[in-house]
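S.K.: Spelled out from the first residue to the last, the chains are:
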Amino acid sequence: MSQDYSSYKFYQGKNRPSTDRLFERISSIDHLPTLPSIVRTALAYLDDPEASMTRLAKIIEEDQSIASRILKVANSPHFARSGKVGMIREAILLMGMNGIRGLILSMAVLQMIAGREGVVQLWRHSFAVSVLSKVLGETLHMGHPDDLATAGLLHDFGKVIYYLDFDEWIPELMKKDIRTPDWKYEEDLFGASHAFVGFRLSYFWHFPSSIRVPIGWHNNPLKSPSYQVETAIVALADGLVTMAGIGLEESPFPEQPMIDALSVLDLSDANLNKVFHAFVADLSRLEAPDF
Amino acid sequence: MAVSRPSIRFDLMTETAVPSEPLAIDVKDGHGRLIVKAGQPLTQSLVGRLLKMGILEVFLVNKESQEADYWDRWGKDWYKEISDRLILLEPEGGLSDEAVVRFKRVLSEVIAEVVRQKGVKPES
Numbered sequence: 001m002s003q004d005y006s007s008y009k010f011y012q013g014k015n016r017p018s019t020d021r022l023f024e025r026i027s028s029i030d031h032l033p034t035l036p037s038i039v040r041t042a043l044a045y046l047d048d049p050e051a052s053m054t055r056l057a058k059i060i061e062e063d064q065s066i067a068s069r070i071l072k073v074a075n076s077p078h079f080a081r082s083g084k085v086g087m088i089r090e091a092i093l094l095m096g097m098n099g100i101r102g103l104i105l106s107m108a109v110l111q112m113i114a115g116r117e118g119v120v121q122l123w124r125h126s127f128a129v130s131v132l133s134k135v136l137g138e139t140l141h142m143g144h145p146d147d148l149a150t151a152g153l154l155h156d157f158g159k160v161i162y163y164l165d166f167d168e169w170i171p172e173l174m175k176k177d178i179r180t181p182d183w184k185y186e187e188d189l190f191g192a193s194h195a196f197v198g199f200r201l202s203y204f205w206h207f208p209s210s211i212r213v214p215i216g217w218h219n220n221p222l223k224s225p226s227y228q229v230e231t232a233i234v235a236l237a238d239g240l241v242t243m244a245g246i247g248l249e250e251s252p253f254p255e256q257p258m259i260d261a262l263s264v265l266d267l268s269d270a271n272l273n274k275v276f277h278a279f280v281a282d283l284s285r286l287e288a289p290d291f
Numbered sequence: 292m293a294v295s296r297p298s299i300r301f302d303l304m305t306e307t308a309v310p311s312e313p314l315a316i317d318v319k320d321g322h323g324r325l326i327v328k329a330g331q332p333l334t335q336s337l338v339g340r341l342l343k344m345g346i347l348e349v350f351l352v353n354k355e356s357q358e359a360d361y362w363d364r365w366g367k368d369w370y371k372e373i374s375d376r377l378i379l380l381e382p383e384g385g386l387s388d389e390a391v392v393r394f395k396r397v398l399s400e401v402i403a404e405v406v407r408q409k410g411v412k413p414e415s
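These protein sequence lines are chains D and R, in that order.
Under my numbering, the residue at position 279 of the first sequence is numbered 279, and the numbers go up by one with no gaps.
Add 291 to a position in the second sequence, counting from 1, and you land on the number used in my numbering.
Next comes chain R alone, as it looks inside the complex:
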């Protein structure tokens, strides 16, 4: 995919330097209690605390995903990429099955919807 993924995996066991990117996903403990909210930065002491709780990895925000047109680019690229993979369902020069047409239509609607939702920045 030309556009990179919106979040990056960070292994707390092996990575030594604490990154500057904030958390992309809430971190909860073994009982489902919230420990750190998405958006908060990772610190050395937090890494130590998470490891003690048995949490081995977290997901961080990819800086690129903060760019204004990121989600728009992501949606277009991703839909093109997955459409290209449907070649076995689309006979060359022939008509696609009605079910495949519906599949692609609903999928493109959903991707557009997700892009709209993700692309909306909270007012500051």
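Pulled out of the complex, with its shape left as it was, chain D reads as follows:
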């Protein structure tokens, strides 16, 4: 079944921001927001294949704000249950290099838009999708759990550009008809969805394809050009978290991509049962620590 969007209410106003404005912004890393210097140092260090966890931990600890937030995440029920609470070095061990790259980046960027409408919900939703993507990957023995966690954490990351560069259009996004999927509305309004923008951003910040593709196609797993299983897992986690009412209030209804994801994964009743068990049996682990 393909989704019929003909009855949805798209943007009705006369003016739209120029599509060139968005595409110019995501055309080069030089046009992207400047990250705090510690974050830039940490991300550059993470590009070094010889990067040591001890040195990386020291770099992160120089920014107490980011360090304490990382510790909060490491102490959240999902991670604490695996017995890995403690110092920054342990957090790196726990989340893996790409995981910590995703967390540092998301913390730094969310800090830039902190206090704005919908940002807390964005963080809560992203955290829950991250945890559930990893749990589903482990349950089904599909994909790499750490990459799934990072793709889940950053799957809506492209929305940050709308906050930073299209400030005057955020109220328009927030008041859209709640039955219209956010990504369809963004395509209509800006010329590209947050998934496309997130795909571009994740390329600039050197994430591997196993993370970039699920970010770019989580709203359309059937069309994913590669890493289709990973993309479907993130899409399924996104749908289930939305269904549970965690996070994003402007789009509270799961959409067709969640069902498309099940079609890609081709789960038997027994495996679907396992997926739902992993999801329902312990909802507290999907709760994000305060940002």
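Accuracy of the hints is not assured; some may be wrong.
Unchecked claim - SDA-like cross-link-like pairs, simulated, lysine to any residue; straight-line CA separation at most 20 Å:
{"hint": "1", "chain 1": "D", "residue 1": "K184", "chain 2": "R", "residue 2": "L379"}
{"hint": "2", "chain 1": "R", "residue 1": "K409", "chain 2": "D", "residue 2": "L283"}
{"hint": "3", "chain 1": "R", "residue 1": "K395", "chain 2": "D", "residue 2": "I246"}
{"hint": "4", "chain 1": "R", "residue 1": "K395", "chain 2": "D", "residue 2": "K184"}
{"hint": "5", "chain 1": "R", "residue 1": "K367", "chain 2": "R", "residue 2": "L351"}
Since the hints were made in silico from the structure, they are not lab data.
Given the structure of chain D, go ahead and fit chain R onto it with the hints provided.
M.R.: What follows is chain R alone, placed relative to chain D:
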């Protein structure tokens, strides 16, 4: 959700009064060693010890979840709440896709199963 969540987050850094509710989840140290088992009460000295170990928050049992019919109510309320959110997948007056029907069937079975498991009290 009409029925509250079964566990409550407790921030060890900011909360000053020690609550009477027991721990809902095991607390382990950085090496995975068990420090306090779920069900144990939180004390002032334990809070100090956990903070020294870098543990910043714990989850406590919600008193409401101890009521005999809590899980039954939770299951019904939660399934209704999430079913109501599937409106974009269920065309008005039309037939739902077979995959959506299967999705709802397996989900309701799992919720019933979880409610059964959680609702069973250990014999005293």
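S.K.: So, for every hint listed, does it hold in this structure?
M.R.: How the hints compare with the structure:
The suggested pairing of D/K184 with R/L379 holds, with an alpha-carbon distance near 14 Å, which does not exceed 20 Å. For the given pair, R/K409 sits about 13 Å from D/L283 by alpha-carbon distance, which is consistent with the 20 Å threshold. Between R/K395 and D/I246 the alpha-carbon distance is near 19 Å, which keeps this suggested pair within the 20 Å criterion. Using a Cα cut-off of 20 Å, the hinted pair R/K395 and D/K184 is violated, with the two alpha carbons roughly 25 Å apart.
Simply put, R/K367 and R/L351 have alpha-carbon atoms about 23 Å apart, too far for the 20 Å limit, and the pair is violated.
Violated hints for the displayed structure, listed by number in ascending order: 4, 5.
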